[in-house]
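Got chain P sorted already, so can you dock chain A with the ligands onto it with the hints?
Protein chains in written order, with our numbering: chain P, 1 to 354; chain A, 1 to 550.
Hints are computed from structural coordinates only; laboratory data are not their basis.
Check the hints yourself; a few may be wrong.
As the list claims (entries may be wrong) - From the derived model, a few chain A residues whose C-beta atoms are all more than 10 angstroms from chain P: (1) G284; (2) R317; (3) K328.
Unchecked claim - Okay, the calculated bits of chain P under chain A, using three or more residues with CB under 8 angstroms as the criterion: (4) 22 to 33; (5) 176 to 182; (6) 272 to 286; (7) 330 to 338.
Even for Gly, the Cβ is constructed at its ideal location relative to N, Cα and C.
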Amino acid sequence: MFDSNIAINTTTCLACGNCVDRCIMDNLRVALPPGRQTSPLGVNYQGIMRLVAAGRDEEAARELRRRTAFGGLLAAWGDEKAERSCSRGHRGGSLAMGSVLKWLASTQSAVVYSAPEVRHPSGKTAAVIGSGPAGLQAAMHIRERGHAVTIFEAAGRLSPALAEPSRGGDPIPQDVLEKTAAMIEAAGITVVTGIKADASALSAEFDAVIVCTGSGAEYEAGGYGHVSGNLFAAGSCVKGSAVRGGLQAMASALPAARAVCSFLEGFELDYEQDVRTANGLERFQGLPESAEDLPDAPRIDTDGSDEAAVRAEAARCLGCGRPVERDMTCWYCLPCEVVCPVQAIRVRIPYLIR
Amino acid sequence: MQHLETDLLILGGGSAGCIAAMRALQVNPALRVTIFEKSDITYGGSIARGMDALNIVAIPGRTDAQMYLEAVREMSGGIVDAAPSHVMAERSYALLKEMEGWGVKFPVDENGQYKTLKYHVKGEFQTAMDEPELKAMLVKRALDLGARPVNRVMGIRLLTDGGRIAGAVGLNVRTGQLVVCRAKTVLIASGGVSRFTLPNSGYLYGVYDYPGNTGDGFVLALRAGAGVTGMEYTQRTALIKDSNMPLLAICVTRGAKVLDCEGTVLMEGEVNNINAMNVAFTEGRGPVHIQLSHLPEEKIREIEHILFTTERPVNERFFGGRGIDFRKHDIELWPTEYYLCGGHGLAGIRVNERAETAVPGLYAAGDVASVAKQHLTGAFVFGEIAAEQAVKYCAEQPDTMFSEADVEAVRAEHAERFSAKGRDIEIHEFERKVRRMVADYLVSPKNEYKFSLWNYWSETFAKDLRNVAVHSGHELSKLYEIENLLTCADCSAVAGSFRKESRWGETHRRGDYPARDDANWKCHVVVKLKDGVLTPEKTPISELGEEVIL
Ligand SMILES: Cc1cc2nc3c(=O)[nH]c(=O)nc-3n(C[C@H](O)[C@H](O)[C@H](O)COP(=O)(O)OP(=O)(O)OC[C@H]3O[C@@H](n4cnc5c(N)ncnc54)[C@H](O)[C@@H]3O)c2cc1C
Ligand code: SF4
Ligand code: SF4
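Just chain P, same shape as in the assembly (with noise of 0.2 angstroms):
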């Protein structure tokens, strides 16, 4: 790839877009791995690889962490798509994500649970209604923003869905469900149990409310999971939803949590929904030149519980993901090199300039 004025390391760069969030010129974009971007909830596969070959898990773990709070659960599920979309497919076999999400929710539960660093308060209340997988992330990601969340969960006990074996697969692990759970009460996420929440009672009493009770199919939303007023809706409780599992139904929740902070925070609801342009992530641009001469290496199985393998499996990343210069407007003043967590971006100055 041609580059003027920005040099990366392709070993070792994470594509995490640390840079380009930062640069104040607006001048990188993220050409995204292939497991980012198919990934339901965004994670960085390329950037935890590539710590965890490093054998900087506690890193790996923060990457993950930072795209998900559940990593837990996603642990457990797996994420084929993401897998399915890995450039090794063709040689050796697509990396096995899953296995390396294992090794870290149980070697780094400290970090793959923790809570997050929730944003200045806003004085806004919202409620969730129902804690399967769309009412977790909709209650965390709406409390990362600073809001007041509270669930409301008709069982006597949070996510009691998650507890039972679900199509073909097995239950959640009793042990993740407790970690989450802990995690969803250290957020500051008040959770209530055993009460038939009223969706319309709770919007008189909170500023917004969204529903996630997991079927039914009998909310008409519009985009977004907006259903009227300051009500909304996620998953399969909302009428023609294709969701199936729960990870899809944890995804879907995600543009309806971003769409109830947006109106809580007085934006309109599509603002900034548009995550790809917003965050400046660009499509996967094929493989990246130094791979192609590499030797196949097939895939190296493991569960995720014997490091060697672990390590060795997520030395496979291809690395194909990093962010290039979109419009040439670099000022080098050097804000990306001090965000990169493994300086592999460097700053040329441009050639009209050398």
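Frame of chain P, contents of chain A with the ligands only:
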């Protein structure tokens, strides 16, 4: 379209904007403070990283506000209102102490005295500072207090209500979405006009001042009814050849010499004769160069430390790339692009010592405001003053509401621009041509004929603007930026043509009026938009105890 509501809306989260947010929330923690920031607030603005000096500090017992006023007047051809500069100097020491409270490092000498340097014609006001994380520190404090940043949004229009400020419309520079914010007060803190002409290197963004500052605030204020001044103060600085990074003060105040091509010393130890460098160039004795080789190793190390860590860390790469070692080689300086700015020069929105503009509820601070050569000190002091005033204003004044028709007009124009269909001018080319013409017609040596030729280009560019192909939100934001550059250029033409004298050396030298004419022109030239026409007028210079005429 997005609708927000706030008490204080700050346009620009740089030095002035961030400290204003901080101060407003210290005074009234319940105030709603929203910041539109064109880039990302964490590092955006002129102090992307650090800064090596707070350029104006009146340290008690050593210098004082009166002495500063005399110095800045002498350095500005007398065109300085007394009160704002005086108040700034008076508050500067308290500011330094406050910054120390945040953890900013101001080095002291063996006797525990702050290290000061001589940058002004009298008094050592420039105070050394060593803080590469200054911007990040400032931002964290503002956000912790509850300021709400709206990143990647640039202010494009102000909204008024019967002459009072009522809010602003912003543009998301990535998605191209519009954001309307109703506000009781607005502070413009969007910096100077950095991309005014082209730098010698030909690289559009290789300018001295932060290239995200494109005079947006000047134009916002003009359209809302405020005046701008000093637009004929088209300045350029002698900077490191090609990289256009500053280092003159850093080196000279530490003992370096500035020489012309014959080896004549133009300055040594003090930055007391910038004009001599310009004259040397015009008379064919350039390029001037800085010599450090006579300095002891420790001084050279000190200079390298400053250049390579705080001011513009990329300096190390630049000099390394060209094989320049200060122990052996001189540093070539060239004057390059011109810019307009109240931080280094005199151009800005007319403000008084309360940071007020002519529009009630509208304040301005930092490089966008007219306080002469105020540098970082001014951005900080007037950011604080503007915040204090805005808090008071919010408490005293009833709510306002802008007219929907005004918003609709912005929306319609935005929709019209956001398209590439059938348009054949590329935005970068448009910018390049505009800036080239500005350099051809609006800078010294100036004359009436050149100003009249500019009028043709001004009209042509206004038409071309409609023919620029806009493919993305990012490009759309560039189009608004260039439109603002054009309006600033028009102001500069109007003011430059009006001021029929030469003043400030090369900054405003007219071939047709080569002499300084104090009898007629010892006054400000203020430009306002009257019935859609940029109109210049003479405004007297105010003394202490007199009100600044806005
Ligand atoms: C390289 C360099 C070195 C310097 N060194 C020193 C020094 O050593 N000592 C000293 O005292 N001074 C120094 N200065 C001057 C000092 O940095 C400035 O005077 C001061 O930072 C100006 O602050 P400001 O808030 O006005 O502008 P900035 O800090 O530049 O902030 C303006 C902000 O507004 C944003 N913005 C622009 N347009 C819009 C819009 N339309 N809407 C929303 N946001 C917008 C920009 O993104 C930016 O973040 C230096 C300046 C430069 C460029
Ligand atoms: S050096 Fe500055 S402008 Fe260039 S890419 Fe990095 S942050 Fe952006
Ligand atoms: S260069 Fe650094 S900050 Fe940028 S995406 Fe790569 S790892 Fe992240």
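Each hint, compared with the structure:
no., hint, result
1, G284, "25 angstroms, holds"
2, R317, "6 angstroms, violated"
3, K328, "20 angstroms, holds"
4, 22 to 33, "holds (count 5)"
5, 176 to 182, "violated (count 0)"
6, 272 to 286, "holds (count 5)"
7, 330 to 338, "holds (count 7)"
Of the numbered hints given earlier, the model fails hints 2 and 5; all others are met.
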